[in-house]
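Q: Spelled out, the chains give:
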Amino acid sequence: MNTSSNGYVLGFAIGVCVIISAALALTSAALKDTQDAAAEFDRQKNVMMAAGQLQAGDTRSRQELEQAYKDNVREVLIDTETGKEATDRKVEDRAKMSEADQKRYRMLAIAKGADGKPEAYVLPISGKGLWSTLYGYLALGADATTIKGLTFYKHGETPGLGGECENPEWTAKWVGKSILDGDKLVGIVVKKGTVDPAVPFEKAHMVDGLSGATITCNGINKFVKSDLKAFDTFLGPIRKK
Amino acid sequence: MTATTTPPVAKTSPLFGPDELKVIKDPLWDNNPIALQVLGICSALAVTTRLDKALVMGIGVTFVTSIANVLISCLRNFIPNKIRIIVQLVVVSGVVIVFDQILKAYMYDLSKQLSVFVGLIITNCIVMGRLEAYAMGNPPWRSFLDGIGNGLGYMWILAVVGAIREIFGSGSLLGFKVVPQALYDAGYVNNGLMVLAPGAFVLLGIIVWVQRSISGYSEK
Chain A
1 MNTSSNGYVL GFAIGVCVII SAALALTSAA LKDTQDAAAE FDRQKNVMMA
51 AGQLQAGDTR SRQELEQAYK DNVREVLIDT ETGKEATDRK VEDRAKMSEA
101 DQKRYRMLAI AKGADGKPEA YVLPISGKGL WSTLYGYLAL GADATTIKGL
151 TFYKHGETPG LGGECENPEW TAKWVGKSIL DGDKLVGIVV KKGTVDPAVP
201 FEKAHMVDGL SGATITCNGI NKFVKSDLKA FDTFLGPIRK K
Chain B
242 MTATTTPPVA KTSPLFGPDE LKVIKDPLWD NNPIALQVLG ICSALAVTTR
292 LDKALVMGIG VTFVTSIANV LISCLRNFIP NKIRIIVQLV VVSGVVIVFD
342 QILKAYMYDL SKQLSVFVGL IITNCIVMGR LEAYAMGNPP WRSFLDGIGN
392 GLGYMWILAV VGAIREIFGS GSLLGFKVVP QALYDAGYVN NGLMVLAPGA
442 FVLLGIIVWV QRSISGYSEK
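Residue numbers (my numbering), protein chains in the order written: chain A, 1 to 241; chain B, 242 to 461.
Bound-form chain A, shown alone (with noise of 0.2 angstroms):
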């Protein structure tokens, strides 16, 4: 058979390109239930991760770590207008929601301490950076006003630069820092460059930035704060107590 002719290779280059893209979707579709499983089970972790309960190296099995995230966690649909549960829909129903009522209903985990009061506030976060749409949780102690940890499960950036941002080094940065100036919600500023300690705001309320990577940063500064602001009405009555 003449192996050079055009229609011989337009016709190997075709069937190649449908029997190796046959193989891909069947491979994709076995394994997509055990993938979106894996999935889960790591959105919990950083859950944990984020509220301080599971540290990275911890040892304990896949099942041990799904049943403590039973046990000491509570996801709650949270109604952002009036800052109340909401009794009439579930959390597991949120994905299918309109694009309003997911703005409007929001998960939110409560973690619950060793003596059963909660003992961290996890709010999902996410939005736009360079490439991509950020996803994390951000915890804030008991008192709603503190952050206790800070993760990102999930995004496109750079790695390396933007990418950066689930580095446990920087996020470590997040801890103890205030939301709160006074009574108005400032949330966390990444600042470009280092923070100064000597100034009393950026102590409180700035982290360092992330060399090359400004716009991630200018994202996760917007996103934040106004993922914090939505949960506001939520958070400000505990704040009270």
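These are calculated hints, taken from the structure and not from any lab test. Predicted model, so just to flag it, every value in this text is computed and none were measured.
Listed below are the simulated DMTMM-like cross-link pairs for lysine to aspartate or glutamate, each with C-alpha atoms no more than 20 angstroms apart in a straight line:
| hint | chain 1 | residue 1 | chain 2 | residue 2 |
| --- | --- | --- | --- | --- |
| 1 | A | Lys192 | A | Glu169 |
| 2 | B | Lys294 | A | Asp58 |
| 3 | B | Lys353 | A | Glu164 |
| 4 | B | Lys345 | A | Asp36 |
| 5 | B | Lys294 | B | Asp350 |
| 6 | A | Lys191 | A | Asp181 |
| 7 | B | Lys294 | A | Asp42 |
| 8 | B | Lys345 | A | Glu40 |
| 9 | B | Lys345 | A | Asp42 |
| 10 | B | Lys353 | A | Asp33 |
| 11 | A | Lys32 | B | Asp341 |
| 12 | A | Lys117 | A | Glu85 |
| 13 | B | Lys353 | A | Asp42 |
| 14 | A | Lys225 | A | Asp143 |
| 15 | A | Lys173 | A | Asp196 |
| 16 | A | Lys154 | B | Asp341 |
Away from chain A, derived, C-beta distances all over 10 angstroms, residues of chain B:
| hint | residue |
| --- | --- |
| 17 | Gly258 |
| 18 | Met377 |
| 19 | Gly378 |
| 20 | Leu414 |
| 21 | Val449 |
| 22 | Ile455 |
| 23 | Gly457 |
Every residue, glycine too, gets a C-beta built ideally from N, C-alpha and C.
Since the structure of chain A is provided, determine the placement of chain B on it from the hints.
A: Just chain B now, with coordinates in the frame of chain A:
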């Protein structure tokens, strides 16, 4: 006819004859893809901060090289010469994506840490190099062994670099602490250079040097 004097023609070569063994052993030492051919350096620098990452990456490249070698070797007589590189790339990409999907399903954490580097196996020169240099001209079984050999040759160097970087950079091995706390108390600190890319550069250079001086290879 003196049929008795001519040895029986071995139409099917043995599974593990001396030739086959050589195909596997050669890339491990004498013709190592990293130390001698200096291929696949990019990923060798990027994913060797920890031993487990280096091992998974090594397994990935071994998997991809061997499977892609077999597929291309089976197709070698049908692939039109004009588009052979494209066909090789399509096959390699397919195998890499399958590996990436498996990682995502069963080793989610590692797949997140390896991030782009699994996808970048597609452009790893070792894979394309073996396809073009070996699989296009040899039968499937030997091509498979050649893929395994080259993958392992790549893996052991990565493992050595990964182990040294993890021990001196983070004081642990496979996530377990190996540097005793007493040493830290005495003022020992982890070497920050080892966690960064320049540390890998230096180490890899030393390994290539040692390997070449032992194997007696010299650039002509």
